[in-house]
Structures are given as C-alpha cells and as structure tokens.
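Chains E and R are the protein sequences, given in the same order. Going left to right, the first sequence walks through residues 1 to 113 as the working numbering numbers them. Going left to right, the second sequence walks through residues 1001 to 1158 as the working numbering numbers them.
Bear in mind the hints are in silico, worked out from the structure with no lab data behind them. Hints may contain errors.
Computed Cβ-Cβ distance ranges for the label pairs, DEER-style [stated by the list, open to error]: (1) Ser1011/R x Met47/E: 51 to 59 angstroms; (2) Trp1016/R x Ala86/E: 49 to 57 angstroms; (3) Leu1122/R x Leu107/E: 33 to 41 angstroms; (4) Met47/E x Leu1081/R: 54 to 62 angstroms.
Negatives, chain R to chain E, calculated, CB over 12 angstroms [stated by the list, open to error]: (5) Ser1033; (6) Val1042; (7) Arg1044; (8) Gly1056; (9) Pro1063; (10) Arg1070; (11) Val1077; (12) Leu1091; (13) Thr1104; (14) Gln1110; (15) Leu1119; (16) Leu1122; (17) Pro1132; (18) Arg1133; (19) Ala1148; (20) Lys1157.
The beta-carbon is built from N, C-alpha and C at its ideal position, and this holds for glycine as well.
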Amino acid sequence: MRSTRRVVNIKSDEESGRYSDPPLLVLASLANGPKHGHAMIEDIAQMSGTKLGPGTLYGAIARLETQGLIEALPAEDRRQPYRITAEGLHVLRAQLNALNQFAKAGLKRLASL
Amino acid sequence: MNQRLARLLISAYPHWWRQRYGVEFEALLLAESGGFGNLADVARSAIRERIISPNGPDEPAFPFGLVATRPSAFLPVAMSLMALSVVIFHLFVYGIAREADEGTAAHIWQILMAGQLPLLALFVIKWLPRAPRYSLCVLATQVSAALASMAPVYLLKL
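Just chain R, with the same shape it has in the complex (with noise of 0.2 angstroms):
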C-alpha cells in the first residue's frame, strides 16, 4: 500500500488513535498490499473505533443523557410535539374542514416546524461527530416527532 493512500485511511480514525498506533499502524500498511480486502477492513475498523471509544479507550464516550438532554437535542422534539397538538386541538374544534386561507392555527404549525431546522442543524454539527451512536438515537426521534406531526396535515390535506 503507498504511503499517501495509509495515510488518508489513518485519518479516518479518532485523534487518540492516531496519536497511539498511527505511526506503527503506518508501518503496517506499507507493509501490506493495497487490495479491496485491506482498504474496507481499515475503513470498517476505523468507523467502529469512532463509534465505539471516540474518546480513547480509558475515557468514556459521552453518556446518553448528555446527548438528549442537550436543548439542541431536546427543544425540535419539543417543538415538533407542540405543532401536533395545534393541529389536534384545531381539528377539535374546526373540524377536517380546508379553508381558503391559512389562518393562525397553520402559521405556528410552520413557525414550529420551520424553526425547529436550525436546532437540528446545531445538534447534527456539534453532537454527531462527538457521540454517533447516540447522536443517531435522538435524530431518529427527531425525525419522528416531525413526521408524526406532518403526517396529519398530509393525510387530512389541512
């Protein structure tokens, strides 16, 4: 394998992997061929490291409840379940029936769900990179309160 194709492989790993067998890990690469077999396995490798220590080994990733109870985390589920409740409590009392123009009730439903786009960003770019796997639990409940409180507006054609 050349040494600017190990390179760009070693730095797929976390900062403290690299610091600890970056240069031992290169002398092995140099040292074996540059089949596909090796180039996915060092990729596999280097994303589960990010996964699983991002941090270093003796040092824990960031725990669960630091990641969702971040406002970036928190608030757009938040946000999300408040929209559904506008829609609910506007079909309660006005009832599935379209009107011509959008009245109060639609413009805090956007504001909400437009809103909340820039939260999701923040939370993307900062805790993503950090904590992956919990980073993916809570946009996964992101994902779904949104869906959840689009779905309505969609299937009733509000």
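Next up, chain E with everything else stripped away, as it sits in the complex (with noise of 0.2 angstroms):
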C-alpha cells in the first residue's frame, strides 16, 4: 500500500497567490459603484480570485461602516447597497499604495536571485 505520509500538499501559483484582506477587498469592490453583498461577493472572486464568505463579507461590511469608510444606501427589496465614502477612498488609495512598494520591493528581491 502507498503511503500517503510523505506527500506534500503545495498549493497552485493561482491558489497561494490569492489576497484575502476582506476589509481591503471591499473597499476595493466598491470603488468602482455602490453594491450590495450577493454582487460584492461576485465581484471580489472575479477581481481577486478569493471567494468570501458571506460571514466573512458581512463581518467586514460591518467594521468598515463602524469606522465609517463605508455607508449603506437606501435598501433596494431586501438587499442592502453599500457605497464607500471619501475616507474609505482616502484608506484604499493608502492602503494599494503600501502594498504596491511592498510588492515592488519584494519582486526586487526575487528577481536578484
């Protein structure tokens, strides 16, 4: 019989290379229009290749308007839309920009390898 003891279990380029901040990629979500949480998820998965949650999703819908980068618009049926204020702008401009350098730096340093 095989062992399975020693397989090791490396993840694909396109699995280990997902971002998964949810706040971030809410934010992100919504900086192209407002959206409520069905089409934030759908929108995430194609943007990032990271499938959230709806716990998850909520659970960052629900800090982000507690720090008020997000606010929810006048519900639509049963769905509720949210749009992302100027602070939250201001937060993902930072927030891409901090990550970009990261990036940069990191590549960098594979690159001279």
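Mind assembling these two chains? They're in different frames, but the hints should get you there.
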C-alpha cells in the first residue's frame, strides 16, 4: 500500500497567489460603484480570485461601516447596497500604495535570486 | 440556502447584529449556496461577533475589571485559596499522616470546595454569554485555584 505520509500539499500558483484581506477587498470592490452583498462576493471573486464567505463579508462590512469607510444606501427590496465614503477612498488608496511598494520591493529581491 | 437554515444561522449572531444586518444578511444567505464552506463561515463569523462585539460596535464590551470583581467571580477563587491554606495549615500541624476519621479541617475543606459550585454556576450563567472572553479567563483562574487546593489532598492521599 502506498504511504501518503510524505505527500507534500503544494498549492498551485493561482491558489497561493490569492489575496485575502476582506476589508480591503470590500473597499476595492466598492471603488467602482455601490454594490449589495451578493454583487460584492461576485465582484471580489472576479477581481482577486478570492470567494468570500457570507459571514466573512458581513464581518468586514460591519467593521468598515463602524469606521465610517463605507455607508449604506437606501435598501432595494431586502438587499442593502453600500458605497465607499471619501474617507474609505483615502484609506483604500493609502493601503494599495503601501501594498504596491511592498510588492515592488519583494519582486525586486526575487529577481536578484 | 433555504430560509429555515438561514434564520437558524442568523440567530447565532448577537441581538444588535441581527437588528442591524439580519434582513439583508438573510437575503444574501438565500442567494448563496448552503454548502459546508458557507455554513462554517457563517458559524465562525457569528462566534466572532459574539466575542468581539457582543453589545454592538459602538458599545464597548464589559471591561475585564467589571467581570473579575463580581462576587461570583472572585469568591470561588478566595474559597479555593482558603481551602488550600486549611490543607497547608493541617500539614504543618499534623504532618501528612492520614487520619482514620475526617477531622474539622477536612470538613472545612469540603464545605469550601462544595460551596463554590453554586457560585461557579451562577457566574457561568450570568457572565459567559455577556463577556465570553473575559469570563473564560476568570473561569480558568477559578479552575486553577480549585485544582491547586485539590492537588495536595490527592497527591498526599489525605
């Protein structure tokens, strides 16, 4: 019988390259217009390859709303659309710039290997 | 996901959360699949909300000082420490020789250990749902103190 003990689980490039920071993903999703929960999940999956669970999504929405980074718009039927605030745009821009600098520095180091 | 399951999952969230997000969250759950991944994600999120913000995002949770200074929090610890000091005093005075009959020290020890059980139950019922994280810290202290007072009795077979 073959032993499975020594099998190493290596994730594919696509899987290990997924970015998963729910609040940042929500902010980025709302950057091109208001969306409700289901639309955010679809948009984030398309944009980053990360499929947020409903609980994770609403955990992020609750935090961002408390921090004033997003705000609720009038409800459409039972669905609640959200939009990013000016403060949210500022935070999103700052975080993406920081990530960009970090990515550049990391890739530069990898290139020198 | 069907409506009954969605409502069951939402009921695990704190009251304030259900009031604020319940309707829209139910609409989202009905649009999503009821697979294991989503069920686990919602359950984990509900537990997280109960621990991090049981009383709402703006209202701070009960501070640790308030939870730890409740009589049902500190009295069991004090009773365990008193029971431990009774054992230590008995050991100093009479040594580790086992007595045929239970003496006064043994009765005091038993009363102190048994007497804290209703207090422990009261603490768990009253404070664990309100401030789970801090209550677990206090419970760990209570259990540690109880074990410390029981350890010499069992190890020395008193």
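Tested hints:
1. Ser1011/R x Met47/E: 51 to 59 angstroms: Given a distance of about 32 angstroms, which is not inside 51 to 59 angstroms, the answer is violated.
2. Trp1016/R x Ala86/E: 49 to 57 angstroms: Cβ of Trp1016/R to Cβ of Ala86/E: about 27 angstroms, so the range 49 to 57 angstroms is violated.
3. Leu1122/R x Leu107/E: 33 to 41 angstroms: 59 angstroms, violated
4. Met47/E x Leu1081/R: 54 to 62 angstroms: Holds: the Cβ-Cβ distance is about 58 angstroms, inside 54 to 62 angstroms.
5. Ser1033: Non-interface label fails for Ser1033/R: nearest chain E Cβ at 10 angstroms, not farther than 12 angstroms.
6. Val1042: Per Cβ check, Val1042/R is inside 12 angstroms of chain E; nearest 4 angstroms; violated.
7. Arg1044: About 6 angstroms separates Arg1044/R from the closest Cβ of chain E, which leaves it inside 12 angstroms; violated.
8. Gly1056: Answer for Gly1056/R: violated, closest chain E Cβ roughly 9 angstroms.
9. Pro1063: 19 angstroms, holds
10. Arg1070: 28 angstroms, holds
11. Val1077: The claim holds: Val1077/R sits with its nearest Cβ about 35 angstroms from chain E, beyond 12 angstroms.
12. Leu1091: At about 51 angstroms from chain E, Leu1091/R clears the 12 angstroms cut-off, so the statement holds.
13. Thr1104: Since the minimum Cβ distance to chain E is about 56 angstroms, Thr1104/R lies beyond 12 angstroms and the statement holds.
14. Gln1110: Answer for Gln1110/R: holds, closest chain E Cβ roughly 47 angstroms.
15. Leu1119: 35 angstroms, holds
16. Leu1122: 32 angstroms, holds
17. Pro1132: 17 angstroms, holds
18. Arg1133: Given a closest Cβ separation of 17 angstroms, the condition holds.
19. Ala1148: At roughly 39 angstroms from the nearest Cβ of chain E, Ala1148/R sits farther out than 12 angstroms, so the non-interface label holds.
20. Lys1157: 45 angstroms, holds
The structure fails hints 1, 2, 3, 5, 6, 7 and 8 (numbered hints given earlier, in ascending order).
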